[in-house]
Amino acid sequence: MKIDWGALGIVIVVSISASVLFMILLASSIRLLSASKVRANQGGSGAVMLSAGYALLALAALLVLFCIYLIVPQFH
Amino acid sequence: MVIAVILVALIFDFTNGFHDSANSMAGPIATGALKPRTAVIIAAVLNLVGACLSTEVAKTISGGFFDDELITASIILAGLVGAIIWNLLTWLFGLPSSSSHALFGGLIGAVVVGAGFASVNGWVIVSKVLVPSIVAPVVAGVAAALATVLAYRITRRTPSGHSETGFKYGQAFTASLVALAHGTSDGQKTMGVITLVLITANLQATGTGPQPWVIFAAGLAIGLGTYSGGWRIMRTLGKGVVEIETPQGAASGAATTATILASAHLGFGLSTTHVATGSILGSGVGRRGAEVRWSVARKMVFAWLLTLPGAGLVGGLAALLANFGTVGVVALLLLLTVACSLIWTFSRRHRVSHHNVTDSREVLVLAAASQTTYVEDPRVTTTPKPKQKTKKAKAKSAA
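One line per chain: the protein sequences are A and B, in this order.
The numbering of the first sequence is my numbering, which starts it at 1 and goes up by one.
The numbering of the second sequence is my numbering, which starts it at 1001 and goes up by one.
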């Protein structure tokens, strides 16, 4: 019996890329939502940024759901 | 006998829940993203859900660790007793040691004493427990550090009020995911043990996974344990190691979840505690100006190193007793009850509950990141930048 380096490698790659991707989506969404608020306060329309922000938020949620979907054996 | 072991296994699961609820919810409680009560309820429910998600780790434990021809129910019982006692002791001292390693240590100790070295599959343990236990916290730390750096960089020009609130939700969300992952990873360990008992008692075929009722019972026990809350450890983890702002909390939660779920899926018997601590430290490294208390971190590492052999020793001693047949087993159960009630009594003397989880003196100093704790000090609240607050708070504590 040997140490399963392949599986460890998968853990490393998946963990880091998933958390980084999630964080990029979340932070960008927060930035967009905030920018839209600022724009609205200045009298402009922040609608585009607002919807883009929520879209990214939804993407982040989808990412999480997809990852959970991957590990649940009942779905396969 | 089998019923007794299953009950003790569920008790272990319960202690695991309250020992580890800190992992998921310490962060958001510390930054005020979630109220303590709400946090614990969410964590409890998600632990239950998480436990039902996967069975890979359970299969590793029930199928790979030990030679199930040589193991008896009383040996497993002894291992569980070792794990529970170790878990309660570290809980008493507020050490976020690993419940998983307590379990593995206890079982290994008991098996070695009860059935000899030959019955332990050493390589499986090295490959599925020891190596991941070193690699995973580092991975989680790196992931959390990267995510933290990105979070701050992306929201650099965003008004701090907005990003603070935004990440507060983010943190609450990822913390809930950590609770889910904890259920998945640690709930399975109890399932694995119960399945192992059923296999050794010939009630279940060798090599099969846990049965549905086992999955549900384990999930329920860990959920209840989480609900009763590990306030003591929450204090160390939430504020003791590193100051945490909401973006860091969100980042470390994401990293913890990703690492745990990925490893659980591949059957690694990972310690949630180690991973969570690793990512909290990582998030501290990732934010410029954040203070990481390496001395506290070092103390934790010692606790971790002690856990496997410590729990193994207790498990081994318990196995000696269990070898005396029925009398020994009854004595063991009595001993467990006595030990539990003793530790419980000790813990009542210095209670840490949801009322005072964030307000010890040490915590106040380190709470620099979460403005809420400081409102009483006018000098501090009027300063504009969070970094200056930290310095003043430190100066104050030194004086």
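Simulated from the structure, these hints should not be mistaken for lab results.
Ideal Cβ placement from N, Cα and C applies to all residues, glycine included.
Any given hint could turn out to be false.
Unchecked claim - Rough simulated footprint, nothing fancy, chain B against chain A, three-plus residues with beta-carbon under 8 angstroms:
| id | region |
| --- | --- |
| 1 | 6-19 |
| 2 | 22-34 |
| 3 | 45-52 |
Claimed, not checked - Under the rule of at most 30 angstroms between Cα atoms (straight-line distance), these lysine-lysine pairs were calculated in the DSS-like manner:
| id | chain 1 | residue 1 | chain 2 | residue 2 |
| --- | --- | --- | --- | --- |
| 4 | A | K37 | B | K1168 |
| 5 | B | K1035 | B | K1299 |
| 6 | B | K1035 | A | K37 |
| 7 | B | K1168 | B | K1059 |
Verification of the supplied hints:
no., hint, result
1, 6-19, "holds (count 10)"
2, 22-34, "holds (count 11)"
3, 45-52, "violated (count 0)"
4, A/K37 <-> B/K1168, "holds (17 angstroms)"
5, B/K1035 <-> B/K1299, "holds (28 angstroms)"
6, B/K1035 <-> A/K37, "holds (27 angstroms)"
7, B/K1168 <-> B/K1059, "violated (37 angstroms)"
Hints 3 and 7, counting from the list given before, are not met by this structure.
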